[in-house]
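**Student:** Take a look at the letters that make up each chain.
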Amino acid sequence: MTTAAITPHVTDYKTAGAYTGQKGIWSWLTTVDHKRIGKLYLFTALFFFMVGGLEAVVIRAQLGGPNRSLVSAEFYNQLFTMHGTTMVFLAIMPLSAAFFNFLIPLQIGARDVAFPRLNAFSYWVYLFGGIFITVPIFFALAPNGGWFGYTPLTTKAYSPGINIDFWVIGLLILGVSSLAAAFNFLTTIINLRAPGMTLMRMPMFTWMSFVVQFLLVLAFPVITIALVFLLFDRFFGTNFYTVTAGGDPLLWQHLFWIFGHPEVYILVLPAFGLVSELLPTYSQKPLFGYAVVVYSGILIGFLGFGVWAHHMFAVGMGPVADTVFSLTTMLIAIPTGVKIFNWIATVAQGKLKFTTAMLFALGLISLFTIGGISGIMHSSPPANLQQTDTYFIVAHFHYVLFGGSIMGIFGGIYHYFPKMFGRLMHEGLGKIHFWLTFIAMNLTFFPMHYAGLLGMPRRIYTYDANQGWDLFNAISTGGAYLLGVAIIVFIWNFLSSMKRGAIAGPNPWNAPTLEWSIPSPPPEYNFAQTPEVHSRYPMWDQRASDVDHPKVNLTEGKSPEQMGIIMPYNTIKPLVVALGLVVMFSGLIASRDPATGGSKPVLWVMFAGAAVMIGALYSWLLSPLEPEHHAH
Amino acid sequence: MADPHTPAPVIDPSHALPPAGESTAGHAHHPDEKPHPTWKQYKWVALILAVITIAEVWIYYIPAFVASRLFVPSLLIMSAIKFAIVVMFYMHLRYDHKLFRVLFTGPLIIAITSVIALMFLFGQVALRLQ
Amino acid sequence: MHYTATGLDNRKIAIWAFIGSECMLFMSLISTYLIYKGKSVVGPFPHEAWTDPMTGRVFHGILDIPVTSASTFVLLMSSLFMVLALAAVQNKHVPKHTTGDRILGSSRLWLFMTALAGTTFLGFQAFEFTSFVHEGLTIRRNLFGSTFFTLTGFHGAHVTAGVLWLLTLLAIDFKRGLTAADEMVVDMCALYWHFVDVVWIAIFTLIYLIR
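Protein chains in written order, with our numbering: chain A, -10 to 621; chain B, 207 to 336; chain C, 15 to 225.
The following block holds chain A by itself, in its conformation from the complex (with noise of 0.2 Å):
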């Protein structure tokens, strides 16, 4: 065993002139740090969490009262589409990746993740991809066929405009990125975890997150090919959702639920891997029955893969298929149910501090739990066949998403800004944005409740009065604009608390994982020396051996030259891989047919996108990652 290079100067902490990292736009176009690609996800997916968030306001205001005309049919159509789109490919799953890159290599003790510049390709991939499907919609030709985009309605005979290609080619773009990051981190939790950092020590949001990189890795390539297929049928004429060739409605539904499914617990388990943190941290008590949180996420993870044809009930597959996944279906509710279990009973009889990331994480508790139990209730075929397509499963699926993904991604955030930005976010402000998303949002989604057992279905641009739907509608739509009034309250906390909130330090939550042990922010090379792991939460139980670590790693203002530490080189060439590709996607719409409005492929737009994408990635794998290093 060599000492380490350099012995750092814990007394030159915070020295003035101190250096405080890279600056300027450049930087951020070329950065390979996680930290910086953490950041940039956040508030890229808070910009379209905002965006889809704005169209669900249209859509409630639309929906307010009976026989409301406010927006057409035709862009209400729009609008449905856009706002489940953009929630879960714009919004939830790249803040969920958010925190996968700022907080597995801190967590596992990792200088950074396993492929940097594949990080940062992943990025600029979603960036350009969400721009690519966004757009649209302020020229009022956003994609129309709802998230699910079943066929036959978004093949070329029922619409033939240019609408559905942006959604086909724009879901094929972030696909790239999701199955780039996702081979990126499970490669980073395997094997990046510092010495003695076995599995079963891992901090439970990694481990979450290791199984959603399984699903991404396993899920999103069945809905390549289904939109490959759709991608086909429209541009090249095949068969494979034309009914009069026979082709079959159901594949497209088959294949798509195939990822749909897994695709729930992707948008999931990050939250339940986040609250996993916050619960011990708040509670001043460990995890209770750590092994079974795992296995019960492990569980739900394997079990999502079978489960997928409960959201075809309705089509009609025939009792044998019915029975089976209504049984695995029910099935799945036990590893949930046993983590619900969990947090009450990490919650139980500890020191409770009631902190904003702590009301929300106590929220989703008992909101997802409210979506699970209405889940249970449509896994019973006879019952779902009451409820599909009504807005009893608008308000299933708000419960679980926004009561569970969204609570618990807003915990995440209150806790762990300090750790990103070196600040605490305000605490008063804090509660009541907590305050009134909790209300606002039960307010908004509870009421869809009865308006669906009433019978009034999902996606119809408006309804007559007299109905009994118009006090739920009217209680809906007041409260979706209190959720959007809270959203302001939480973006102007956030901002301001950048610029003004209390300096943090480096574990002002006397948290116990490996992240709290470096400074807030952390430096560009995240742990000065590679720490040693002895348990779950070395923060609680440090041992002697462990003093010198905190002490070196909290050493702030040093640039890694002056730490001798070797970081990769910045480069630009993951971000013009990614034009690369987005612009050879676009050459398929580059141009209309004007015999029926539909779109016709630009070849030379395409392949001028391929020749940009494949010279910048020869240059990228033949470029170095970083400086020649020669051991000592």
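It is worth saying that the hints were derived from the structure and are not from the lab.
On a predicted model such as this, the values are computed, not experimentally measured, just so you know.
Think of the CB as a built atom: it goes at the ideal place given N, C-alpha and C, for glycine as much as any other residue.
Each hint should be verified, as a subset may be incorrect.
Claimed, not checked - Here are some, though not all, of the chain B residues that point toward chain A, as calculated from beta-carbon distances under 8 Å: (1) L305; (2) P313; (3) I316; (4) S320; (5) L324; (6) M325; (7) F328.
Claimed, not checked - As a list, the in silico SDA-like pairs of lysine to any residue whose alpha-carbon atoms are at most 25 Å apart: (8) B:K249 x B:I283; (9) B:K246 x C:G114; (10) B:K246 x C:L123; (11) C:K51 x A:D237; (12) B:K249 x C:V88; (13) C:K51 x C:Q139; (14) C:K51 x A:T233; (15) C:K53 x A:A303; (16) B:K304 x C:A194; (17) C:K53 x A:F224; (18) B:K304 x C:V88; (19) C:K189 x C:I117; (20) C:K53 x A:V217; (21) A:K420 x A:K488; (22) C:K189 x A:G360; (23) B:K246 x C:A194; (24) C:K53 x A:A146; (25) B:K249 x C:K189; (26) C:K51 x A:S58; (27) C:K51 x B:K249; (28) B:K246 x C:L118; (29) B:K249 x C:A194; (30) A:K274 x A:A337; (31) B:K249 x C:D115; (32) B:K246 x C:I117; (33) C:K51 x B:K246; (34) C:K53 x A:V232; (35) B:K304 x A:L292; (36) A:K12 x A:S485; (37) B:K246 x C:F87; (38) B:K249 x C:F87; (39) A:K28 x A:L564; (40) B:K249 x C:A84.
The hints should help you fit chains B and C onto chain A, whose structure is shown.
**Tutor:** What follows is chains B and C alone, placed relative to chain A:
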């Protein structure tokens, strides 16, 4: 065990041209890995693969066998054997770290189960209970 | 060597995860082919003859088993060449005494042979596709055409990517010579190549042989 205090990743200086990946990890064999097979085994594997392929095509041209119940199962078994041989020997999964086996067989099981489930759902296969 | 938690190379873990992902990709394609098997409204069909009721034209079963058996054999042999290429790179430092050793130890030869076999396979596929189109089966003609061309086309695209990868390695080998230090880069390419081969093993049986 590498030195946990190592402040930076180390590039093997023998990389005159950097590898087509990001990692700087070297190429030393992991203790769990057995040595890979050599030409002596490789040629036998190739021979077995060729023989099975010939057998597959052969039975395709025997009308009586094609009509029999054994045709489809025997083809499936033969291609499964070929599949397994290539994966075990040519992809040296048999000699590699068990992690790779998990990374491959896990998805493969989910994929095969999904194919079978879809065959049932679309009525391309059915169980007859009498 | 840089410390990793498992002692394994990052890239090898990533390529295996990628191959696992590809299993699901080809699962979707193969499932679709099998789901739509026998559901085409008009011919030509893979094995059975079909007479067009409008024109009276007879379409014979379109799959050409002898030709495809030959291309299957070529692809199988390419896997042998690939393992020899990898072994040659791994054993660069071992002294070669006989001519046989020198032939087996030539990474350039075996990389070239693998790429050549892959290109030959693609040539067979191009021949197959054009003759099918001449016989009246296009990707738009019926469900069989759509599923067949998409599935085998996706496989062909994977082979093409593999050939480009092999040629890149070959170029590096000619430029500076691959050494044992490059084992991982060649191993990744080999794993990908063999995976594309095993997918063809499944396709050959499920699509071509089973009637």
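**Student:** Run the distance test for K304 (chain B) versus L292 (chain A): straight-line Cα separation, threshold 25 Å.
**Tutor:** 23 Å, holds
**Student:** Hint check: K12 (chain A) vs S485 (chain A), CA-CA at most 25 Å. Holds or violated?
**Tutor:** Judged against 25 Å, a Cα distance of about 20 Å means the pair holds.
**Student:** Would the pair K51 (chain C) and D237 (chain A) pass a check requiring their Cα atoms to be no farther apart than 25 Å?
**Tutor:** Status holds; Cα separation ~12 Å.
**Student:** For the hint on S320 (chain B), does the least C-beta distance to chain A fall short of 8 Å?
**Tutor:** OK, holds: S320 (chain B) within 8 Å of chain A, min 6 Å.
**Student:** Regarding the pair K51 (chain C) and S58 (chain A), is the alpha-carbon distance no greater than 25 Å?
**Tutor:** 48 Å, violated
**Student:** If you draw a straight line from the CA of K53 (chain C) to the CA of A303 (chain A), is it 25 Å or shorter?
**Tutor:** Distance ~23 Å between K53 (chain C) and A303 (chain A) Cα, so the pair holds.
**Student:** What's the verdict on K249 (chain B) and I283 (chain B), does the C-alpha distance respect the 25 Å limit or exceed it?
**Tutor:** Holds: K249 (chain B) and I283 (chain B) sit about 22 Å apart, inside 25 Å.
**Student:** So, F328 (chain B) near chain A? Judge it on the closest CB pair being under 8 Å.
**Tutor:** 7 Å, holds
**Student:** Using the nearest Cβ pair, does M325 (chain B) come within less than 8 Å of chain A?
**Tutor:** 11 Å, violated
**Student:** Does the alpha-carbon distance linking K249 (chain B) and V88 (chain C) stay inside the 25 Å limit?
**Tutor:** The hint holds at about 15 Å.
**Student:** Given the hint that K249 (chain B) pairs with D115 (chain C), test it: the Cα-Cα distance must not exceed 25 Å.
**Tutor:** Holds: K249 (chain B) and D115 (chain C) sit about 15 Å apart, inside 25 Å.
**Student:** Would the hint linking K51 (chain C) and K249 (chain B) be met if the CA-CA limit is 25 Å?
**Tutor:** 37 Å, violated
The earlier numbered hints that this structure contradicts are 6, 18, 22, 25, 26, 27 and 33.
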